[in-house]
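Asker: Starting from the given sequences, assemble the full structure and let the hints guide the process.
Protein chains in written order, with my numbering: chain A, 1 to 332; chain B, 1 to 332.
Wrong hints could be hidden among the right ones.
Where chains are identical, the list cannot tell them apart; a pair therefore holds if satisfied intra-copy or between any two copies.
Stated by the list, open to error - When the alpha-carbon atoms are kept at most 20 Å apart in a straight line, the in silico DMTMM-like pairs for lysine to aspartate or glutamate are as follows:
| no. | residue 1 | residue 2 |
| --- | --- | --- |
| 1 | Lys-289 | Glu-122 |
| 2 | Lys-72 | Glu-268 |
| 3 | Lys-193 | Asp-145 |
| 4 | Lys-245 | Asp-75 |
| 5 | Lys-328 | Glu-244 |
| 6 | Lys-3 | Glu-122 |
| 7 | Lys-323 | Asp-162 |
| 8 | Lys-159 | Asp-51 |
| 9 | Lys-160 | Asp-51 |
| 10 | Lys-170 | Glu-251 |
I should point out that these hints are in silico values taken from the structure, not numbers from a laboratory.
2 protein chains.
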Amino acid sequence: MTKETYASSGVQIDKAELFVERLKSNARRQAHAGMWKSAGGYAAVQPLTADLGVAVTTDGVGTKVLVADELKKFDTVGIDLVAMVANDLICVGATPNMFLDYFAVGRLDDSLADDIISGIIEGCDRADMYLAGGETAELPGLYQDGHYDLAGFAVGSVKKADLLSGDEIKAGQKLIAVASSGIHSNGLSLARKVLPKEKWQMLLEPTAIYVKAALSAFAEMPGAIKGLAHITGGGWRNLLRLNEKVGFNLEKPLPLPEVFTLIQNHVEEEEMYKTFNMGMGLGIIAEEKDSAQIIDCFKSFGHNAALVGSVTSEAGLVRIAQKSFVLKNKHS
Amino acid sequence: MTKETYASSGVQIDKAELFVERLKSNARRQAHAGMWKSAGGYAAVQPLTADLGVAVTTDGVGTKVLVADELKKFDTVGIDLVAMVANDLICVGATPNMFLDYFAVGRLDDSLADDIISGIIEGCDRADMYLAGGETAELPGLYQDGHYDLAGFAVGSVKKADLLSGDEIKAGQKLIAVASSGIHSNGLSLARKVLPKEKWQMLLEPTAIYVKAALSAFAEMPGAIKGLAHITGGGWRNLLRLNEKVGFNLEKPLPLPEVFTLIQNHVEEEEMYKTFNMGMGLGIIAEEKDSAQIIDCFKSFGHNAALVGSVTSEAGLVRIAQKSFVLKNKHS
Chain A
1 MTKETYASSG
11 VQIDKAELFV
21 ERLKSNARRQ
31 AHAGMWKSAG
41 GYAAVQPLTA
51 DLGVAVTTDG
61 VGTKVLVADE
71 LKKFDTVGID
81 LVAMVANDLI
91 CVGATPNMFL
101 DYFAVGRLDD
111 SLADDIISGI
121 IEGCDRADMY
131 LAGGETAELP
141 GLYQDGHYDL
151 AGFAVGSVKK
161 ADLLSGDEIK
171 AGQKLIAVAS
181 SGIHSNGLSL
191 ARKVLPKEKW
201 QMLLEPTAIY
211 VKAALSAFAE
221 MPGAIKGLAH
231 ITGGGWRNLL
241 RLNEKVGFNL
251 EKPLPLPEVF
261 TLIQNHVEEE
271 EMYKTFNMGM
281 GLGIIAEEKD
291 SAQIIDCFKS
301 FGHNAALVGS
311 VTSEAGLVRI
321 AQKSFVLKNK
331 HS
Chain B
1 MTKETYASSG
11 VQIDKAELFV
21 ERLKSNARRQ
31 AHAGMWKSAG
41 GYAAVQPLTA
51 DLGVAVTTDG
61 VGTKVLVADE
71 LKKFDTVGID
81 LVAMVANDLI
91 CVGATPNMFL
101 DYFAVGRLDD
111 SLADDIISGI
121 IEGCDRADMY
131 LAGGETAELP
141 GLYQDGHYDL
151 AGFAVGSVKK
161 ADLLSGDEIK
171 AGQKLIAVAS
181 SGIHSNGLSL
191 ARKVLPKEKW
201 QMLLEPTAIY
211 VKAALSAFAE
221 MPGAIKGLAH
231 ITGGGWRNLL
241 RLNEKVGFNL
251 EKPLPLPEVF
261 TLIQNHVEEE
271 EMYKTFNMGM
281 GLGIIAEEKD
291 SAQIIDCFKS
301 FGHNAALVGS
311 VTSEAGLVRI
321 AQKSFVLKNK
331 HS
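Answerer: Have a look at this one:
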């Protein structure tokens, strides 16, 4: 039986990565002085005053819109759209403040538009963000009737002292996994290819939004969270973006949601961990002594969470208990 | 001869406006306290400190991407993308700081991507903005091979005292028009419908970016500019968005660029002024005594500018010399 890969689903992941690299180098060339974080991480951060910065990021929901099309259920992808950028902002330590959407469609249909926007409003409520604007573009000729795309932009603020740089992450600290709500908004092209349509309902489960829990943990235990990794398109390799000098050992991962068990019948296991969140929507790095309180905080907001592993000195490597493969940094 | 309208080009402008209104009312319902400007104007502004706010806006370039496709020239629409949002930010008095793009494509092609990004970089240089990130989404199945869409997002900062609210605009003040570079990025669906393809080259002329000239005028003559109107999809009706209590009288408009003369062979003149910039990319409101210096400032940055009319007490009406029609507010 031939196993599928992300590339065989039509997504040229390496080309996309190369392109992102090129964009980052261009952006750096013309960089304004003094960015606290430049483009390329979870969010760019620019100082606005000596101790207060503005954090920004953008993302889409990929081909999750095609799943919504197939199931004729359009009121949840807006939640995913907000989730993708709001969860990125907390990873630099920022408080998400404003969200803006770009909604482009071949022909505006009131009921489609209502559903999309009601999802966005719901997402903004869950992330405690203000819907600060949006562009609704009707583009006949570019999009066919019934086709549409969505992009989301988020703006947050962060005190310089609260910025999560990753520099405080060290071997011996612990990794807490916060449960995902399912596939979230990455790897949908591959999932759509291998799962029969009668199973697509589970692909539409909205992405969990971790904002309120994270902000509560930041406030309750200042400095306790050393790093936050939103697990998106690179799967568990995303942990390696936090600090290039360390690695991770996942001794006791969270239980695997059913959606991944089904996909795994068609996809190599290593590819699974390089593409999907595999049950961990957010990874948190903290000292062991603070772990229980952080876990309790996330649980109090309805997110399952557990201590699943530790930070190691094996730079650029993610080891997973009982697996024969080791995940490496995308660009190493 | 039947004349074309924006609606006959496939764009349901009223539906789009209604939808934007609905979105604004939703956004207001969940509004955070204390926005200096809420969603729906040129940019939303949220205070970050007692006297410093963050301004945000988003836009796309509409079907200008289809003109680029037809002419196989992709290195200028990125300039338009930056222009659309950067010019909006100056209209609230903000200094544009960061730009982010969303670039979605069916299949990533290196040369297309290089060209798009080089246009975005050029636009960021012209607007003196930092390219703070971007999402490059490869979405097979959603976009066909060779098809793509672009959205832009801009973040600026503004001191509370410098915010352009429109409240200082009064009858008797003057209207300065700053020349557009052509059709800019609005009304392209209609223009594409009526202009033969051998004339499309002129549709691709990049949108003028007024940032450096406006920031220089703000700095040189604090408080002299009472209002700034970026002329986009609503044509000269956009002037009426500045202050609902006044009207405008354009006694001596700037010369009409050739592209509009050609389009006007197929479109009613009133529709032209309701859809296109008609040679005025930016409208500036100022006292007569400050007008000459503001005009000189814009000219020193290479933008033609002239005193073209005045603010009147005819609320919600735009009169244009020698025209039999009067433009009214979209929603009145």
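Asker: The structure should be examined with respect to each hint, and the outcome stated for every one.
Answerer: Here is what the structure says about each hint:
Taking the closest pair of Cα atoms, Lys-289 and Glu-122 never come within 20 Å of each other, the shortest separation being 35 Å inside a single copy and 50 Å across copies. In the homo-oligomer, the alpha carbons of Lys-72 and Glu-268 never lie at most 20 Å apart, since the shortest distance is 31 Å inside one protomer and 40 Å across protomers. For the identical chains of this complex, Lys-193 and Asp-145 are inter-copy neighbours only, at 18 Å across copies versus 23 Å inside a copy, given an alpha-carbon limit of 20 Å. Taking the shortest Cα distances, Lys-245 and Asp-75 never come within 20 Å of each other, neither inside one copy (42 Å) nor across copies (39 Å).
Taking the closest pair of Cα atoms, Lys-328 and Glu-244 come within 20 Å of each other only inside a single copy of the chain (11 Å); across copies the shortest separation is 59 Å, beyond that limit. For the identical chains of this complex, Lys-3 and Glu-122 are neighbours neither inside a copy (37 Å) nor across copies (43 Å), given an alpha-carbon limit of 20 Å. Taking the shortest alpha-carbon separations for Lys-323 and Asp-162, neither the intra-copy value of 36 Å nor the inter-copy value of 59 Å comes in at or below 20 Å. With identical chains, the CA atoms of Lys-159 and Asp-51 are at most 20 Å apart both within one copy (6 Å) and between copies (17 Å).
Proximity of Lys-160 and Asp-51 under a CA criterion of 20 Å is satisfied in both settings, with 5 Å inside one chain copy and 19 Å between copies. For the homomeric pair Lys-170 and Glu-251, the shortest alpha-carbon distance inside one copy (17 Å) is at most 20 Å, but the shortest distance between copies (70 Å) is not.
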